[in-house]
Structure formats: C-alpha cells, structure tokens
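K.L.:
Quick mapping for you: the protein sequence lines, in order, are chains A and B.
Read in order, the letters of the first sequence correspond to residues 1 to 580 in the working numbering.
Read in order, the letters of the second sequence correspond to residues 581 to 952 in the working numbering.
To be clear, the hints were calculated from the coordinates, so they are not data collected in a lab.
Some hints could be false.
Partner residues are not named here, just some residues of chain B that face chain A (Cβ under 10 Å, in silico) [said to hold, decoys possible]:
| hint | residue |
| --- | --- |
| 1 | Y672 |
| 2 | A673 |
| 3 | P738 |
| 4 | R739 |
The beta-carbon is built from N, C-alpha and C at its ideal position, and this holds for glycine as well.
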Amino acid sequence: MSARTFTARHLLSPTTLLAVVVLVVLGVLVAAPLASLISSTTPRAGESWSDGAWLDVLASPMSENLFWTPLQNSLLVALGTALLSTVIGGFLAWVVVLSNIRGRKVIGVLATLPFALPSFAIALAWTSIFRNDRVGGSPGLLASLGIDIPDFLAWGALPVTLTLVAHYFSLSFVLIAAALAGLGGDLLAAAELTGASKRRVALQIALPAVRPALLSSFLLAFAEGVSNFASPALLGLPVRFQTLSTRLYGAISTGDVERGYALSLLLVSVAAVVLFLGNRATRGRSFAVITGKASRPRVIDLKAWKLPVTVLSWLIIAATTIAPLLVLTATTFSRRANRFDDGFTLHYWLGESDPGISQGMAGVFRNSQLLTATTTTLTLGVSVAAGAVLLGVLGAYVARRTRITPVAASIGFLSYVPFLIPGIALGAAFIALFGTGFGPFPSLYGSFAILVLAGIAGSIPYAFQTAKSSLGQISGELEEAAVIAGAGTGRRIARILLPLSARGVVGGAMLVFVTVIRDLSLVVLLVTPATPLLAVETFRYASEGFTQHANAITLIIAVVSVTATILARRLQGTQRPWAN
Amino acid sequence: MNALSITLEGLGKSFGKQTAVEDLDIALPAGSFLVLLGPSGCGKTTTLRMIAGLEDPTAGQIRFGDTTVANGDTGASLPAEKRGLGMVFQSYALWPHMTVQANVEWPLKVDRWNPSDRRARTSEVLRMLGIEQLAHRYPAQLSGGQQQRVAIARTIAPRPHVLLFDEPLSNLDARLRVETRSELMEVHRASGATSVYVTHDQTEALAMATHIAVMKDGRLEQFGTPEELLQDPQTAFVAEFLGSPAAVLMEGHVRDGALRADDLVLQNNPSLPEGADVQVMYRPERFRLIPAGETTAGEDSPSVAPAPEVLVLESTPSAGRYVVTVRLGEGLGSRRLSLVSDRRVLVNSWVRMIIPATPDALFSSDGSRIHA
Numbered sequence: 001m002s003a004r005t006f007t008a009r010h011l012l013s014p015t016t017l018l019a020v021v022v023l024v025v026l027g028v029l030v031a032a033p034l035a036s037l038i039s040s041t042t043p044r045a046g047e048s049w050s051d052g053a054w055l056d057v058l059a060s061p062m063s064e065n066l067f068w069t070p071l072q073n074s075l076l077v078a079l080g081t082a083l084l085s086t087v088i089g090g091f092l093a094w095v096v097v098l099s100n101i102r103g104r105k106v107i108g109v110l111a112t113l114p115f116a117l118p119s120f121a122i123a124l125a126w127t128s129i130f131r132n133d134r135v136g137g138s139p140g141l142l143a144s145l146g147i148d149i150p151d152f153l154a155w156g157a158l159p160v161t162l163t164l165v166a167h168y169f170s171l172s173f174v175l176i177a178a179a180l181a182g183l184g185g186d187l188l189a190a191a192e193l194t195g196a197s198k199r200r201v202a203l204q205i206a207l208p209a210v211r212p213a214l215l216s217s218f219l220l221a222f223a224e225g226v227s228n229f230a231s232p233a234l235l236g237l238p239v240r241f242q243t244l245s246t247r248l249y250g251a252i253s254t255g256d257v258e259r260g261y262a263l264s265l266l267l268v269s270v271a272a273v274v275l276f277l278g279n280r281a282t283r284g285r286s287f288a289v290i291t292g293k294a295s296r297p298r299v300i301d302l303k304a305w306k307l308p309v310t311v312l313s314w315l316i317i318a319a320t321t322i323a324p325l326l327v328l329t330a331t332t333f334s335r336r337a338n339r340f341d342d343g344f345t346l347h348y349w350l351g352e353s354d355p356g357i358s359q360g361m362a363g364v365f366r367n368s369q370l371l372t373a374t375t376t377t378l379t380l381g382v383s384v385a386a387g388a389v390l391l392g393v394l395g396a397y398v399a400r401r402t403r404i405t406p407v408a409a410s411i412g413f414l415s416y417v418p419f420l421i422p423g424i425a426l427g428a429a430f431i432a433l434f435g436t437g438f439g440p441f442p443s444l445y446g447s448f449a450i451l452v453l454a455g456i457a458g459s460i461p462y463a464f465q466t467a468k469s470s471l472g473q474i475s476g477e478l479e480e481a482a483v484i485a486g487a488g489t490g491r492r493i494a495r496i497l498l499p500l501s502a503r504g505v506v507g508g509a510m511l512v513f514v515t516v517i518r519d520l521s522l523v524v525l526l527v528t529p530a531t532p533l534l535a536v537e538t539f540r541y542a543s544e545g546f547t548q549h550a551n552a553i554t555l556i557i558a559v560v561s562v563t564a565t566i567l568a569r570r571l572q573g574t575q576r577p578w579a580n
Numbered sequence: 581m582n583a584l585s586i587t588l589e590g591l592g593k594s595f596g597k598q599t600a601v602e603d604l605d606i607a608l609p610a611g612s613f614l615v616l617l618g619p620s621g622c623g624k625t626t627t628l629r630m631i632a633g634l635e636d637p638t639a640g641q642i643r644f645g646d647t648t649v650a651n652g653d654t655g656a657s658l659p660a661e662k663r664g665l666g667m668v669f670q671s672y673a674l675w676p677h678m679t680v681q682a683n684v685e686w687p688l689k690v691d692r693w694n695p696s697d698r699r700a701r702t703s704e705v706l707r708m709l710g711i712e713q714l715a716h717r718y719p720a721q722l723s724g725g726q727q728q729r730v731a732i733a734r735t736i737a738p739r740p741h742v743l744l745f746d747e748p749l750s751n752l753d754a755r756l757r758v759e760t761r762s763e764l765m766e767v768h769r770a771s772g773a774t775s776v777y778v779t780h781d782q783t784e785a786l787a788m789a790t791h792i793a794v795m796k797d798g799r800l801e802q803f804g805t806p807e808e809l810l811q812d813p814q815t816a817f818v819a820e821f822l823g824s825p826a827a828v829l830m831e832g833h834v835r836d837g838a839l840r841a842d843d844l845v846l847q848n849n850p851s852l853p854e855g856a857d858v859q860v861m862y863r864p865e866r867f868r869l870i871p872a873g874e875t876t877a878g879e880d881s882p883s884v885a886p887a888p889e890v891l892v893l894e895s896t897p898s899a900g901r902y903v904v905t906v907r908l909g910e911g912l913g914s915r916r917l918s919l920v921s922d923r924r925v926l927v928n929s930w931v932r933m934i935i936p937a938t939p940d941a942l943f944s945s946d947g948s949r950i951h952a
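For reference, chain B alone in the conformation it holds in the complex (with noise of 0.2 Å):
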C-alpha cells in the first residue's frame, strides 16, 4: 500500500473576520494515525475538512507526499475527489435510498471498476466490517453502531491512500464506542491508509493515535506522540486536557524564596525569579495520601514536604487502583484535584496529601511551558 504523508504549512483559514484555524505546522509521516484534538470550536474539524478539500484554506499549504494539494497563499485547490482520500462523516452520510450493498458499491461504480471486481471489493468489506448479512438492508433498518460499520466499509472500500473521520464515535454509546473503536484500529492497520481523525475525547486519542495534536482557539498547542504529549507537555493546556486523571495544576507564586500555593509551600529556592507567579505541575500518581494521624515521614517525603490535610470527595475503584477526588482549603478558595491512590481512602474522611517535593514542570501564567 502506498501510503502518503500529510505536510500542513503555516495553514490558516478564516471565515469574513472569524478566524477558525491560524498558522498550523503538522508533518505527518506516512501510514500513521494523526488524532486532531481539542475542546469544540477549536478547529479542529474545520482543518480535517480543508484536508478532505471539502474547505479551501485561506493562508498556508496542505501537501500530501510531494504534491500540493491546496494552496491557501495562491487559491489553489486540487478537488477533494481527486485527493484519493476516503472520509467517514459524523452523521455517516449513508445515502438513504440505497441499500447497504449500494452505499459501499457506488464509489466503486463511480470509479469505474469492473463488476466482478466491485462486487468482490464490496463483499470483502462487509465480511470485514462484519455487516455481510445487512447487506439488503436500509440505513433506516439499522442501529447507529451498524450504520457507523456501514459508513467504514463505503469509505474503505475504493482503497483511498489517506483516511479520514470526523468525530465517528460520537453518536455511539460508550461499550459501542470502545468495540469500534478497536475495529478502527484494524482498519487502519489492515489498509495502511495515512489516517487522519477528529475528537474532543482524550480517551480515544490516546488509544488510537500515533500522532496526536492538540488544538485550542484555532491554534496548535502541541503535536507529538501520545507519550510525548504525556510525558512532556508543553503548555497548561495539554497538561490539564491528557491523561485520565489530567495532571493536577496548581497556581503558585514565588515569595520569600519560596514557592507556594496560598500559603503552603511547595519548594524551597526554585530557580524562578521572586515575584513570579507560575502553574505548576504534578502528575497525579506522585502524591501519596496517608491518614489524617499519621506522619509524614517516609521515602518520597523529605522534612519539608508539604502535607496539607484534604477531604475526600469521590474515589473510583481503576485498574486496581484509586482515582480520588479530594478538596483542598474551605470555602470558596477550595480546589477539587483528582490523583491516583493506591489505597483506599473513605468518602467523606480528612486525609494527608502529600505532595510531591519537586514539581514534573511549570508553566507562566500565560500557559506556556517555563524551561528550568
């Protein structure tokens, strides 16, 4: 399979004065699984569709392999039918009138195959998608998870070099969207299709991608593989949107030479300038809770570690462990923050929250990752 890559250069595209997306850079190797995501109204389906040829950028270039297929600086535009590209909808923009072996057939008459051929394609889709039996069927006769399936094999079908969904999970329910999701995955393996796909669930970019980007407010926050992304975030925002708990952040400033949150203090002499004020950063499998009673000494608690004393709010059974929700400070100063125990802690009880002597990074106000 040839697959191809996806360059997007300095992309922009605004609507009048309303700009969606500013100045995107994405170099995408060929036959990976781009996952675009951000909370709605980021733009991130408006960029999945200047990919599809669907919108014309207004600034910038999207190339795929070495050729361009839109220029937004000169108006250039190859049509989104000559781009060999397959999209999955999220309405799955099944044509109503025509069968389940009509929807995945029709690209194929349209690309003028031979019949044999065709309805070979069309067979072997649908025994993959696991569908062959509602092949006679009408959208209409379906459930949304088999429609969803309906949807992939007509986009499949025809072998498109890049394949690309928006959010094609979101009319699912949750078992649903877990099973397909997986299916996705072996679509995407089996036809080797460079895959671009849009969600505003991190869950999901996480299982799926080989390459996530995270957009906010039009622009690119990060663009990474989910372990860079995870491990290394480079601004507030990706640091709060990934990972199940998020990392927990907290605001700080430096005063006395220290850095403190309210009136805990998180570090002694951090090397920011006095006056600062900062986000920082802990990931929520680094603190430790103990009992109210109990001391603070231990391995990961040097004599100075902060212990504040917290009330549980929730605590969800995960994996084996705990995620806990805990409120940090009374009244209205209070902070919900959610980490991972491993031990059970009670509902309801006041427990020690250590927190981790150094913070994982921080951040300046603006968001932007502040390099030690």
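So that you can see chain A by itself, here it is in the shape it has in the complex (with noise of 0.2 Å):
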C-alpha cells in the first residue's frame, strides 16, 4: 500500500470521523465556555485593563470586599474542611480497616452515605438545630428551646466548615480506606515481627505508607471547600460571610456579570492549581501496588481502648448521617419551623393550600410548581446521563483507538479540564457563552438545553474516567478478533465494546444522574422560573424562611439519590476491599 492511500484510509477511517465529532463537542462544551469567560474579562478594542473588571476585583477600593475576604474565608473554609475531613476519614478508615471494633462494616457503610446525600441536606439540617435569631425568620430547634446560640455557631466560617466537613469525610475516608486496605496485612506485620510496638508501626509504618492517600484526600477536600456554594449560601450569605463562590454568584445574579467573570476565573485558578498539584503529587506513587498478592489486613486488638473507640466512631457517623437525616425528617412534620412544641402536621408533605400557612404554599406533593421541577429535574438527570455517558464512551473509544496520539491526548485533556472548574464557575462560563448566543447558535439563556450542556460538561470527567475504565478492562484481543471476523467499528462499539462494558458503563450513569439532581452550584445560575430545578427550589425556599418545605424536598433528592448511589455501586461490583 502507498503512503498516500494509507494516509486516506486514515483519515476517512470511522474511527478518524468519531474522533473529530468527539473533539468539536467537547471544544463546545469545555472550551468555548473557558475561552469565551476569558474574553468576555478582557478589554475590547478602545478599553485598556484599567477600566476593566480585573482592576476592580483585584486592586481597587472595591477589591477588599469583592475578592480579597471571600479569598480569605473561602482559604479558611477549605483548610478547615481539608484537616478535618482527612483525620475523620482517616480515623474511621483506620476503625473499619485495622481495629476489632464490633459493627465496624456497619460503619464502613455508613460513612460512604454522606457523600451521596446532597452537600445543602447538611447545611440545612444544621439551620434546623443551630439557627439562631441575627437575621429574622424561625429560630432553629435548639433556640426554640430557649437556648442562646452564639452567632458563630450558628453563622459563618465554623458552621459552614463543619457542614462541608461532614459532607467530605466520606470521600477521604474511600481513599484512605481503600490504601489502607491495600497495603495488606504483611507489610504491619513484618513491621510487628520486629518487636516495634503498636503505636510505632502505626506512625512509622502504617501512617506513612498511606501518604499518598493522605495526601490527595487532603487535596480533594480543599478543592471541594474551596469551590462548595451551597453551605456558605445557606450558613454565611445570611451574615455576609462570603466566599469567592457566593461572591461571584451575587456579582452574577446582580447583573455585575464581569466581575462575576473575573471572580469564576480566580476560583478556577485556586481549585486548578490545588487539584493539579494534588494529582501531581500522587501520580505514579500509589504505594499500596507493589507485587505479590495483598493479603489480608491484620486486624489489631484495641483491648482498653476499644470502648472509646467504638462511641467515638459511633458519634462521628450519628452526627454527620443518622442526625441530620433524623432532624429534616422530623421538621418537615412540625407545625411551626423547628419547633416540636406546637404539635405536628402532615400539610406541608399532603396539605392543600392554606393562605393561614406559608403564604398558602401547598404540601409538596400538592404544589405544582414541585411537580413541574420534580419533571424537569429527573428529565435533566436522565438526559445529562445519557449525554455524559454517550460522549464519554465515544471519547474513551477513540481515545483507545486512533494511532494519532495529538488526538487521543487532547480527548483526554478535555475531558478533564471540567475537574479543575468548580460548579459554579462553569455555570458562568456557560451563561458567558450561551448567554448571548454565538456563531450559528442562538442564546440558549433561560432554556433547558443549557441545563443538559452544562451538566455533560460538568460530568464528564467522571464519565470519560468510567467508560475508559470500563472498556480497559476488555481486552484489546477481543475487539480484534471482531476485526478479523470482519465486523465494522460501529457493529464491534455495539455488539462487543458495549456489552461487554455494560454494567460499568450503566452504574456509572446511574451515578452521574444522582450528581446532576442533587447539585446546586452547577445550575443555581442557569435555571430560571421556566426551568424549575429540585435543589434550586430548596434553596430558593430555605433563603425564604419556608424550612419544612425546604427540608421535604431536601429528603426528597435524599432518597433518590442514596437508592440511585447504591443500585450503581451493585451495578459496577464496586469494590470495597476494606469490607472482606
């Protein structure tokens, strides 16, 4: 064959054609909306820097209060939620994976719970309690019980800390746990061999060797901190406690869109730079996969301390699943918010509208507009999910296939920029971009087709990541053997690829569905009245003082999102080798 018509062959491949198909959406998606927040921030013809948005937010009268401080509190927040959630995760992790509690699976299941409830369930249960009288509207549980609660436990950086960090402890306790349980029982106990004593193989050893978990769950929460909307909204916008995503989402939803801009580029840069550092420090230096099999962990006898043990682990798990679970459920029941005194009442789930009770807004399932964003946020998840997924398989394929590595380097790179860009950040990129409309497309402001573009470019990271998962674990021979019999690509993507990934390929949009309905801060703000959103509603309704109902959806997206995360893990055989 001559090099010309091999050349041809290439590049009229289908291999070649779906590269190209994949590269276009995805420079839509993920590089259009950066590209055009970039823009958008930068002087046009005849304007220079220092009319601009930058000099505002970064060296102005105004810049103390629109980026230096919430830079400083969202720092804080993020800090605080990174060391705690690592020692709880760790804490727990070690509990599940080396001690000899009784329940410790129990546990193990309990602490990866928090992480599939929606990150506003906490701070909301957390109003429930601790709210107390600064800003008006009905005082939490305990106030109404006629206890005094300090201003900063009820607002601001330690409230909104502590909710994050009940949130995320789950995620560090995933990574740790599973190091942990990777080093296997060999490497402690050639360490115990030698006569050193508990405490030192858990420093020296153990500790150590799980550094990169450490690590990285440290990252991962600090950029999780860094970027959350939805605690600081409810626990701090009240006080003007802001932080850089509370800022630019007043800029944005005020009108002061370029400032608004300018701020989502600066919180892209912390999260970009913390999150790549974090995956810098831990590539290629998993300790847990050496050689030989891993054997199983040796459990370590806690004797005298494990009664302390055991309630320490029991409380962590009580506070940060069971009750706050427990007090939305029994708000949403209350006559009066947060009150247990006044008696109980089914109306605000059942009752017709009553203009004496919550301005006459029905129960949730009677109120229209709840069914009307029930809709439209399961049509949302549905189709992000398959949109996510479609184009993450797409991409995982060619990525796997082409021979051209610029291309296969570029799939990958795009599709992990979305990572680094908190949700809220992405969310202005795309009103940014589709705001106004451009080239051949019209504004899709106001539409749901933003809320379906924005949600597969937030997702597919995760996407991208579990279909290359899945179709990495079908051999290569397979879909060769396909060739040979002579079957073409789209028959081989559907009739070997596709089956044979199924499972993963389907937990994994089960779990970008669960994402997509229970987030806020990617759609808090796109959606609009004639694109009613679950999470946006819940927050519209807790920011208005309607508690029960706010925490009756919250419960809402709760079970649907735990009952979703659980029938995926079973779908994708997660493993969980702390479990065994």
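Dock chain to chain to rebuild the complex, using the hints, since each chain is given by itself in its own frame.
P.N.:
In structure tokens, the structure reads:
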C-alpha cells in the first residue's frame, strides 16, 4: 500500500471521523465556555485593562470586599474542611480496616453515605438545629427551646466548615480505607515481627505508607471546600460571610457579570492549582500496588481502647448521617418551623393551599410548581446521564483506538479539564458563552438545553474515566478478533464493547444522574422560573424561610440519590476491599 | 550461632467450623531446613503463620528448643515479636516509603542496636546479597528479584534464631527462581538459623530441604528427609507428588491369583488377598521402552513381564536421558504415564513398554502404604 492511500484511508476511517465529532463536541462544551469566560473579561478594542473588571476585583477600593476577603474566607473554610475531613476520614478508615471493634462493617457502609446526600442537606439540618435570631426568620430547634446560640455557632466560618466536613469526610474515608486495605497485612505483620510497639507501627509504617492517599484526600477536600456553594450560601450569605463562590454568584445574579466572570476565573485558578498539584503529587506514587498478592489486613486488638474508639466512631456517624436525616425528617412534620412543642402535621407534605400557612403554599406533593420541578429535574438527570455517558464512551473508545497520539491526548485533556472547574464557575462560563448566542447558536439562557449542556460538561470527567476503565477491562484482543471476523466499527462497539462494558457504563450513568439531580452550584446561575429544578427550589425556599418545604424536598432528593447510588455501586460491583 | 529445634505436637487450627490444620506432629532438629510442601489450601501457610505467631493454634503445642511458644489447649501464646524469628513474606512486605537501607535498618533500630553496629550490619547484609548499590532506592524502583533480596536482607539482619519463608520465590520468573534458591540456601548456611519454608513446588523442596513435610487437606502425609520421601513414600499422594517425573501409579486389583491392571497381568501370586483393589507404584526409571516389533527378551524381563504397546505423546530430553509421556490403552480408559528412558523414542510412534516385574510399593485404595 502506498503512503498516500494509507493516509487517505486513515483520515477517512470511522475512528478518525468519530474523533473529529468528539473533539468538536468537547470543544463546544469545555474549551469554548472557558475561552469565552476569559475573553469577556479582557478589554475589548479601545478599552484598557484599567477600566476592566480585573482592576475592580484585584486592586480597587472595592477589591477588599469583592475578592480578598472572600478569598480569605474560602481558603479558611477549605483548609478547615481539608484538615478535618482527612483526620476524621482517616480515623474511620483505620477503625474499619484495621481495628477489631464490633459493627465496623456497618460503620464502613454508613461512612460512605454522606457523600451520596446533597451537600445542602447537612447545611439545612444545621440551620434547623442551630439557627439563631440574628437575621430574623424562625430560629432553630435549640433556640426555640430557649437555648442561646452564639453567632459563631449559627453562622459563618465554623458551621460552613463543619457542614462541609460532614459531607466530604466520606470521600477521605473511601480514599484512605482503600489505601490501608491495599497495604496488605504482611506489611504491618513484618513491622510487628520486629518487636515494634503498635504505636510505632502505626506512626512509622502504616501512616507514612498511606501518605499518598492522605495527601490526595487533603487536596480533594480542599478543592471541594474552596468551590462549594450550598453551605456558604445557606450558612454564610445571610450574615454577609462571603466566599469566592457566593461572591461570584452575587455578582452575576445582580447583573454585575464582568466582575463575576473575573471572580470565576480566579476561583478556577485556585481550585485548579490545588487539584493539579494533588494529581501530580500522587501520580505514580500509589504505594499500595507493589508486587505479590495482597494479604488479608491484620486486625489490631484495641483492648482497653475498644470502648472509647467505638463510641467516638458511632458519634461521628451519628452526627454526620443519622442525626441530619432525623432532624430533616422530623422538622417537615412540625407545625411551626423547627419547633416540636406546637404539634405535628402532614400539611407540608400533603396539605392543600391554606392562606394561613406558609403564605398559602401547598404541601410538596400538591404543589404544581414542585411537580414541574420534579419532572424537569428527573428529565435533566436522565438527559445529562445519557449525553455524558455517550460522549464519555465515544471519547474513551476513540482515545483507545486512534493511532494519532495528539488526538487521544486532546480528548483526554479536554475531558479532564472540567474536573478542575468548580460548578458555579462552570455555570458562569456557560452564561458567558451561551447567554447571548454566538455563531450558529441562539442565546440559550433560560432554556432547558443550557442546563443539559452544562450538566454534560460538568459530568464528562467522571463519565470519561468510567468509560475508559470499563473499556480498559476488555482485552484489546476481543475487539481484534471481531475485526478479523470482518465486523465494522459500529458493529464492534454495539456487539462487543457495549455489552461487555454495560454494567460499568450503566452504573456510571446512574452516578452521573445522582450528581446532577442533587447538584446546586452548577445550575444555580442557569435556572430561570421556566426551568425550575428541585435543588434550586430548595435553596430558594430555605432562603425565604419556608423551612419545612425546603427540608421535605431535600429529603426527596436524598432518598432518590441514596437509592440510585446504592444501585449504581451494586451494578458496577464497586470494590470495597476493606469490607471483607 | 545458637539455633533452636522446633517441635510441633498435635498442632491444629480451625477457623470457626472450618479446620485448616489438624493433628500435626513434627520434630525438627536445630539448624535444619524444613520445607512444608503441598497443594494450595493444604494448610502449609497456616502452619507457618502459627509458628510465626501471626495465628494462634486452636489445639496442640509449638516449642522452640525447650520453650513452649504457643499452646492451643490453654490458649497461651508468646507474641510473634518475642519469638526471635524473621520472616520473608510472599508479597515481600517491603515498607514502600522507606529506602532499601532504611528497610533493612529499621528492625535493628527497633531492637535498639547502637548506630555504628546498625550501619555495619546493614552494609554487611546488603553486601552479602549483592544489593549494596541499591541502598538508596525505594522498593517501587526495584525489580521483583531485587525486592526479594531486600526482603531477605531485612529478615536476616537482626540475626534471628528461626527463619520463616512463605512461598518467597513464587513471584519470580523461572531462571531467577533457581538463582535465588541457591542464594537462600547460602543465607541459611551462613546464619545457621533453623528454617521453615513453605512452597507448593516439589522441585524447590527437593533442592533445598534437609527435611520435608508433605501436607494435604490440613494433615501431615509424611515427614522425613527428601531421600526418605522419594525412596519410601508412605502414601500414594506423596509418591505422586514428589520427583520429576513422579512415581508411576497404576490402579490394580487381584483376580484369579494375579495382580492385574485391566487385562494386563502385573504380577503373579502377589501377597495380597483375592479381590483387593490397590494402587501399584513403579519408579519411572525402571521402565524400559523398546521398538514395537522387538521381543521382550532382556535381563530385566522375566518370561511373563507385561509389555503392552503404548503411543509416545511427548519425549523431553533431560540431563542426557528422556522423560517420555506415553498413552496406555485407547479411548476413555486410556491413561498417560511419564517415565524415564535412556534412548530417544519418536513422538507419535508405537513402542513396547516393559513394566518392571515387581512393584516398588503398594498402596491401598485410600492411599495408605501396604507393607508386605
């Protein structure tokens, strides 16, 4: 075959065409929004940097309020979240993997739950308990019992950090538990055989050996803490405790878009730097995989420490999983917000509109706007899941098959980038791009389509990774055998690859679905009354003081999320190596 | 070097209802090299871990010299770290965050050696295993064979009285395995420590052991020197498990005053009761193969010597001789036998197999040895 016909065949092959399509879609969904975020904050012709948003944000009389204080708050919250999540997650991981306390398997299951809950669930539960009368509205349970709640416990940095920890420690737990279980019992047995004390083995062998997991848990929790929107919005905004995400939300939702975009870019840089460092620091340094078969972890007899450790573990689980759900549930039945002494009612679930209660709002199951929101939310979840997974599978397939290295690298890179972008900043980027329409695209602001597109963009890193690992488990020879049998690209994908990777891919789709329906930060800037979503309605109700309604919707989202998460994990056969 | 004898007495271990090891009796002289040999799941690793103190026995005793280190009947057990032993794990269990040097030195630090002795001993064992140039590398930067040496160095550095090995060579490729095997034996000689070594590879066992304990289903099949086990196997399992190739076993039964395998007469007037079912053992080197057409006359073949025709399936040269696999009989009832032949035979040809006139051993159908 001559070089020319080879090239021609190469360029026209189905894989190449598919690669072009995938790259174009990723370009529109990932590269274009970011580019437009950047271009809309750079001075246009005839303007200079000094009249632009950047100067306002970074060096003007306003910048203290606009940027520096929120940055400080964001970093403070993120640091607290990262430290506490890693300590608590690490402690529980150690308890579940290495200790011999009773019920450690149950603890292992419950410790993964908070991450399946919407992050605002715990913040709402917190306000239901600790809210004081500083900003008016109904006070929380404790205040209505006559207990005086100091401001630092009701509002601002401390509650924001603690509610984030209650959510993200779950992530640290999973990372560290997997690392500890991966160490294998031999490693620790070898240390014990030398005669070293348990403390010395823990401090000099076990802990340093899972250092990469500790580091990546710290950095991930840090990045999440910097970018989270729901907690600071519910527990900080009312008392003007601003973080970068609430600040940029405030700027954009009040029409101050250019400064909002500038803040978005700053937030992206902070989060991206942290996550990028994390990825670099831990790449290729997974200590767990060395050689040989892993042995069953050796259980440590805690003896006298058994009781305190058990109690502490259950306290953590109770405070982060059981108590918030109980409080949320109980408050939806209380006649007056956050009070149990005025009797209970089903009104907020089932009641008809009554002008005397909640300004005439019907119970959540009777409320037509909420029913619309439910439909929209579920439709959005399904559309995004389908779109993201389709794109993920095609992208992963192309990256695997193409012989043009830069193509594979670009697909990999573009699919990874949204991971570095906090949801609210990605939302801002979509407004910057699609808000006014460009090229062939009409303005999409206020449409359902912009929600779907943003959702797909936000989910693509996960969808791509899932598809890649699902396809990766299928030996290349299986597909080559089909090539030799004469099957074309489409047929190979449909008949060989999809059936074999179906479990992983469907499980991945369900997890995308879950993240979409419980997400607030990505959609909060994009939603309009025409496209109501449950999470945004919750946020609105909570800000307007309709506590019972907000909590009831949160519970509905929580139930759907947890169920779908469990189903998805089952489908994917997620390994929980520490659970054996 | 003050090596210790190791005694296992009625040793047993059960996990809940499942019995992993049962009624194990072994008396191992000081300084010897015991190989625990058996197929996977036979309880050999559990036995090793009980000797190490990583598992507690549920019955019987373990003694090092005169000291009882574990008593399954009373539950008393000396903690692993107080038994003065070293162990090489199958996974090597190198501490991934420490350099080679630090891995070897850490146990000495824990044992409170003073810094100069510590450094001297560390470089001594690194030199002994030929890995002194790797001292500052991390385990993840080493090949499997190098990791293995580090694991051995770390284990022998504190001069343990007892050395334990859990399938240490199973993760190495074939050539490296043979090389490391001889190094391990050198380490054993140099340290003088009583050693216990677990493997499922009988070649490894025969090459290294002063004593072998063959285990099956949690029980001891036979304990003895390699020669004893080869020459005088006490069970059919041991006979079939050891040797390259292993002894040939044929199903036989006594009918009309002759020991027969199907319609082949193996031996006339055997000292066995009429109707008995037995397994007949021959050492593989005692067979002779002659071209199909030739008569069976020869020094080793009395008039009645059974000499069925067999099909040659494989013929592998080995140390100047040939290991030949033949098929006896046709169809479903056919059996494969591996024997040793002095002469080359053509694969896929028919030859006559002269079976020795007297069997080397007889086993009852449950596998136990029948002593004539």
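K.L.:
Hint validation: B/P738 versus chain A, beta carbon distance must be below 10 Å. Holds or violated?
P.N.:
Given a least distance of 7 Å, the restraint on B/P738 holds.
K.L.:
Grab the minimum C-beta distance from B/R739 to chain A and call the hint holds if it beats 10 Å, violated otherwise.
P.N.:
violated (13 Å)
K.L.:
Take the shortest C-beta to C-beta distance between B/A673 and chain A; is it under 10 Å?
P.N.:
holds (4 Å)
K.L.:
Does B/Y672 pass the interface hint, meaning its C-beta sits closer than 10 Å to a C-beta of chain A?
P.N.:
holds (6 Å)
The structure does not agree with numbered hint 4 stated previously, though it agrees with all others.
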